[in-house]
Every structure is written in structure tokens, then in C-alpha cells.
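Number of protein chains: 2
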Amino acid sequence: MAQAKKSSVLTGNMLIAQSGGPTVVINQSLVGAILEAKKQSAIRHIYGSLHGIKGILGENFIDLGRESAATLEKVARTPSSALGSVRKKPTPEDCAKMFEVMRKYEVRYFFYIGGNDSAETAHIVNEESKKTGYELACFHIPKTIDNDLRENDHTPGFGSGARFVACAFQGDNLDNRALPGVKINVIMGRHAGFLTAASALARQYPDDGPHLIYLPERPFVVEKFLADVKRVYEQYGRCIVAVSEGIADENGTAIAAKFTKETDSHGNVQLSGTGALGDLLADLVKKNTEISRVRADTFGYLQRSFAGVVSPVDAKEARQVGALAVRHAVKEPAGGGSIAIRRKPGKKYQVYFERVPLQNVARDTRHMPDEFIGPDANDVTEAFLKYARPLVGPLPEIGRFKGFPVPKK
Amino acid sequence: MAQAKKSSVLTGNMLIAQSGGPTVVINQSLVGAILEAKKQSAIRHIYGSLHGIKGILGENFIDLGRESAATLEKVARTPSSALGSVRKKPTPEDCAKMFEVMRKYEVRYFFYIGGNDSAETAHIVNEESKKTGYELACFHIPKTIDNDLRENDHTPGFGSGARFVACAFQGDNLDNRALPGVKINVIMGRHAGFLTAASALARQYPDDGPHLIYLPERPFVVEKFLADVKRVYEQYGRCIVAVSEGIADENGTAIAAKFTKETDSHGNVQLSGTGALGDLLADLVKKNTEISRVRADTFGYLQRSFAGVVSPVDAKEARQVGALAVRHAVKEPAGGGSIAIRRKPGKKYQVYFERVPLQNVARDTRHMPDEFIGPDANDVTEAFLKYARPLVGPLPEIGRFKGFPVPKK
Chain A
225 MAQAKKSSVL TGNMLIAQSG GPTVVINQSL VGAILEAKKQ SAIRHIYGSL
275 HGIKGILGEN FIDLGRESAA TLEKVARTPS SALGSVRKKP TPEDCAKMFE
325 VMRKYEVRYF FYIGGNDSAE TAHIVNEESK KTGYELACFH IPKTIDNDLR
375 ENDHTPGFGS GARFVACAFQ GDNLDNRALP GVKINVIMGR HAGFLTAASA
425 LARQYPDDGP HLIYLPERPF VVEKFLADVK RVYEQYGRCI VAVSEGIADE
475 NGTAIAAKFT KETDSHGNVQ LSGTGALGDL LADLVKKNTE ISRVRADTFG
525 YLQRSFAGVV SPVDAKEARQ VGALAVRHAV KEPAGGGSIA IRRKPGKKYQ
575 VYFERVPLQN VARDTRHMPD EFIGPDANDV TEAFLKYARP LVGPLPEIGR
625 FKGFPVPKK
Chain B
225 MAQAKKSSVL TGNMLIAQSG GPTVVINQSL VGAILEAKKQ SAIRHIYGSL
275 HGIKGILGEN FIDLGRESAA TLEKVARTPS SALGSVRKKP TPEDCAKMFE
325 VMRKYEVRYF FYIGGNDSAE TAHIVNEESK KTGYELACFH IPKTIDNDLR
375 ENDHTPGFGS GARFVACAFQ GDNLDNRALP GVKINVIMGR HAGFLTAASA
425 LARQYPDDGP HLIYLPERPF VVEKFLADVK RVYEQYGRCI VAVSEGIADE
475 NGTAIAAKFT KETDSHGNVQ LSGTGALGDL LADLVKKNTE ISRVRADTFG
525 YLQRSFAGVV SPVDAKEARQ VGALAVRHAV KEPAGGGSIA IRRKPGKKYQ
575 VYFERVPLQN VARDTRHMPD EFIGPDANDV TEAFLKYARP LVGPLPEIGR
625 FKGFPVPKK
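Chains as they are written, first to last, in this note's numbering: chain A, 225 to 633; chain B, 225 to 633.
Be a bit skeptical, because a hint or two may be false.
Copies of the same chain look alike in the list, so a pair counts if it works inside one copy or between any two.
Claimed, not checked - Straight-line distance between alpha carbons at most 25 Å, and here's what the computed PhoX-like set of lysine-lysine pairs gives: (1) 298 - 263; (2) 278 - 510; (3) 632 - 312.
No lab work stands behind these hints, which were simulated from the structure alone.
Work out the full structure: start from the sequences and follow the hints.
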């Protein structure tokens, strides 16, 4: 940072923030960006805004350049947004205020780590900066356990969230095998079923659950759900179901949304933080079948924050996208952008990264492609399993007795 | 097993079964018993009954002596009861039938792995065997995440369950710090608060949650709960609450029981497998405070079955109690018994094991001792933390920025 600067280089301070739902690797991206920024002579101070754009509006910054290497590494391995997060869509007035603040603090590099809503925020900030003629390298760094960012093969945070879901189903499948009944597990995912689909990674033996998987990409029809559960229960004497919190009826109305009216400033209905959907589905099974043992669990916030369950490849890629965003911003600040993860074709898992325009990842989400969803809309395909396996890392090995029967006397 | 036998030794086949709620280390006890039995010449065949006493009544046995060493080790590391489980209290008729079956299969060693209800079953079987004059070494092998068996310093399964709860709170505390609000987490524990109390192990920094812990050992008073939450929220701008599923009002009526009528054959009200209690408490906070962000999660079955989150000391001790039960049974079959874990006094964590009478662990449970519960009935004490820390193993390290403030301009 002490080097002489070329006049063509955009020089100034850097501001970085985190937004939206945390993940267990979002701090890897933050630390990746900080460590890269420390190497860049164009970047003077590295400011962290507390609680996203709320911290910018309130000028609540910390000096990340002064944190020790040991602290940075420890924070990188720590779940949830170390700078705090926010769910706030900036108004045009907010944007005007933010530029005022950025100008005052000589911020020329702005990085926003988050999902599609955060990309939208970065996009709005970028557009406003163009309009007002304030030179600003405005970058989005991807993050979401939902795995629903466009342009990306997968997103940082998903692999670890998927690992949590898979490990949970490994254990819960065995729990349900020990004490048979119907078990319904509700998994995060507003519009994209990737995380719910990851439950299928838990299967090892032919009778392993989840036996049924319901995704927001297909209409949830109660009669079909009940028929599916009855059929599986008759076959296996038990049934484990993975359900996305975002499942919706034929009209696109989220089943869970029928029980809540809470929305955030992006217009999203609050789906997590309640066991209502699971309990509703369990009650439906109890009332419409003869099955006595019916239970529901809602995995909730543990999926995105549980300490100690991390996919190594997810952690590594999360750090890489943070570093790359800074490198691209310094190299070519104009226009801003986001860093997308792409997968190379071929059998071996390999990725590469590309800079993509902000509007390509902002606002709209992507869904599970059709080839990942089974024809009966209640399972995933082998293509999905091939896609997801390398992202979660090796799962705990599950042992089972050969079970040599003792002849009855 | 091929050695010549002394005439004074009780010789015959062994029958082992698992009962009650599974844990992630219950198969360590099973495999510990199997491996020890293989060394004992008094024991011929090692039969495993499928689904506890249900398998005995139905003569559904597998020959565990034929399983390979590799399979046994894999199963030992696998969560949930590999033989299947059951929640069934035997009637006197069941016991008569069981002896008939045991006699037919020349069973002289019976081991039942489970909690207090399972110890009660073993006790009933033992008493009936005395009455009918059928010579049977009848042993209980302890297991319960609830940690509520009498005679024991702690029980196999608790350390790993507590580790899951602590890791969950480590992450959830940071999630709540990133997106502040009130978060209520409901934890397993019908009458004993040990597992809920383990949430306190997550604390590292002074403002870390859980900020409030409610245990079944103290009456849950709604007005006090609301006042506690408001006070913490005013202090920290957020509040994480750990609540046992078994919390009860001044009359001893479980709060959750007001919403369900389902009971098992031991007369226990079904508390898990529903998000109702968490949602009820969240609604109370929403309706009685101005706090907008209020969420609840119910950890559910993940606490006892999640694959990959295991306390190493718990796994080791679980195997030891299995092996010791077999050793004691062969050495002195008469009277039966259970293996209890005791802790040696002193700073260093060390345990020893004792054979105790079945009636001492059967039926009744133990509770959190008073010195583990804070005077305001909403927290645990340092004495509890000292007690619990060695049982869960080292937790993931949580990093935090020093947070050097940038002066406002």
C-alpha cells in the first residue's frame, strides 16, 4: 500500500459490507477480500461497514486494515457475518446519502457480500454512482445457502448448508429406522429447492430416506403428498420427507405464507423461524392416514450458521471469490460487477471464475433446472446428485449390520 | 468361546437390544458389549434383538457374532440404534412370553441399552426371572441424551447431544448478532435441563448468548420470561433464549403438554417432533413487546442423531460401559445390574465405573442439582459449566474482529 501509484489507477479507500442471511463461510469471502486489498497499492484504508448499508448511512465503520493476520484467519473460520448484516433495500434517498458518505470517506471501492437482494443493492448503488458521476468500483461478492444466484454454477455458502442438511438426514434417517413412523423435515429455500434437494445426498442404502422430496419448483398438491406418504409407508413401514419451506400451491401461493403475513423490505414473506409448516403437514398426515407416529422438524437457522459443519471446498471458493472481486475491481473499476463460479466440463470437479455484470445476478433468482427434478415431482435425479456431491465434501460413513438372521425355533 | 467352561460359570447365549430414543454413541455401547462377549467363553452366541423387547416377543434376532470386525467398527461410529428401538413397557404377560423365548434360545445373558424406562424394563425382566426361577444375568447399559439417570455423574449420549446444542448456539448466537432480534431455541429434555443448560457452553465473549436459559427444574412464569427478554433486549439489542421442551408452570403442567395429548406406553407426553412450544413463546414475545424480529427454532431429533457431531470422550465412555456390563455379567450374573459412570474428584477429568442395582436407575430420573441453576432461574452457574465442559470436547473456536472504530467525519 506504500507503493507509488500510476495516475490511471483509481485510488482511494475500500468499503466492504455483508448483507442478507449469514452463512458459515461468508467471512471467508470477507477475509479473502481484505487480504487481497492489503496487497493492492490502489487501496488505502480498508473499512468495514457494520450491518451493511445501515452502517454506511450511519457511518459506522471499523478499520479492517488494522486487524492482525491471526484474527483474520480466526474470523474467516467463524460462522455468520462478522460485520453484522441487514435486510434493507436502499431508496434513491438512501443512495444519495451513501454517496455523500463515501465521498467524505474517500471510498472508491465498494464490495457488498450477499445474495440476489444484495446484488440488487450493489446494482442500484452502481447505477446511482454513474448518474451522479461519482467514480466508484462497485462489486458484489456472491453468497447464499439457497444457491439461487443466476450466472453461477453454485454459490458460496451452499456447499456447507447442503452438508449440514445431508448430515442431518443421515442421522434422522437412522433415527426413523430405529423408531419407525413418518418424519417431515422442513428445509430453507424460498424459491429454489437446491438445499432441500441436498437431503438426497444422505442416501447410502436402497431403503434410506429421504423417501420423498418436495421442492418449490413444482406445485405442492396435498392429495398427491398424502398418497405419496401412504405408498412409501406401505413399502418401508416408515417415511422420511424433505420439504422446502417455500413449497407453493398451483397458484404459486407459498403454503407457509398462508400462516404468516410478515415481509421484509424486499417484499419477501417471512418463512423461517417458525415450525408452522412442518406442524401443518404432520397434522395432515395424522388426520388422513392411520399412521400413529408422525413427527416434524424445521431445521431453521442451524442450516446456515451451525459451528463446525463446513464443506472444505465451499470455504476455499468463498475465500477465492472475495479475493477475485478485489483484484477485478482494481484492474478494471468501471462498470462494477460480480464474481461468478463456473464449473469446467468433465468428470473431475474443477471450477473457474468470471466477472459478470451486476444486473445479471441482481434481483431475480434461478431455480433448480428441470433435469435435476424427478418426473413425479417428489424426488431429485442422479444428475442432481452428481452436481451436488463435490460441493459438500465426503460425508460421515454410515455402517449397517449385515444382519445374519437367527433361525426361529 | 471355544474354551472349556468351569461348572460354576453361567453359560449360554447372549441377547442384546436397544431401547428408547437413539443417541449418536449408542452403537458404541452395543459394539463394546459384542467385542467383550466375543472374548468370554461363558457366552456362546451373541444375538441382537430387533426393536428391543418387541424383537424378543417376535423372535426377531440377528447373529451379531458373525459380523466382521470392520462392520462392527463402522456401526460403532454410526448414529442411532443399529438394532432398531422401541418404546414399550412389558406387561407381566410379555415377561412370561419373553422368558419362554429366552429359554428356547438358551439365553442366559440379557443386556438392554437405554435410559430410565429401559432400566425399568430390565428391572421388571430381572424380577420376573427371579420369580420364575430362570437363571438370567440381566443388565442395563446406560444411554440418554437427557443425562437424567440416577447414580450416574453423566450418561453416554449426553456429551454428544450437548456438543450439538453448544455448536448450534455458537452459530445461532452469531446469526442473531448479525441480524439482531429475539431468538428462542427449544431443546430436548422432558424433566431434566442438562441438555438445555449445555447451550451455555457456547458463550465465549461477554455479550454472547444464550442470554436466558429456562429449565424444567424451575417453574416457567410467563410474566417473568417476558420481563427477562425485555431487559436483555434493552441491554444488548438482541436476545437468545434456550428453553427446555419440558418447561412447566407452577402446577407442574408442561407448557408444551397444553398443546398435545399424545403419550407413550410409559405415560410420557409427546413433546418433541413439533414446533408448537417455540411458536407459542415467540407469539408471546411478539404480542407483549415492541420487538419486531422474533424467531423460534426447535432443534428436534437432530440433537440425538446428527451424523458427524460426536464428543470423543462420550464415544469412548459409551463403548466402555458396554464392555463392562458384559464383564460384570459374566463375573457375577446373579442380581443383574447397571453400569454407572462416576467422576473422580480433582481438577483433571477422570471417571470410574461401578456396578449398581437395577432399581437404583430404573423409572425415576434425576434432575439438575440446585448448584447448577442460577438464583434467578434463568441461567446456569459456573459449577455447571465446569461439570459439562469436559464432556463435550473442544468446541470450534470463534473469532471476532477487534473492531478498531473509524472516527466519524
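So, going through the hints one by one against the coordinates:
| no. | hint | verdict |
| --- | --- | --- |
| 1 | 298 - 263 | within (20 Å within a copy, 47 Å between copies) |
| 2 | 278 - 510 | between (46 Å within a copy, 24 Å between copies) |
| 3 | 632 - 312 | between (67 Å within a copy, 22 Å between copies) |
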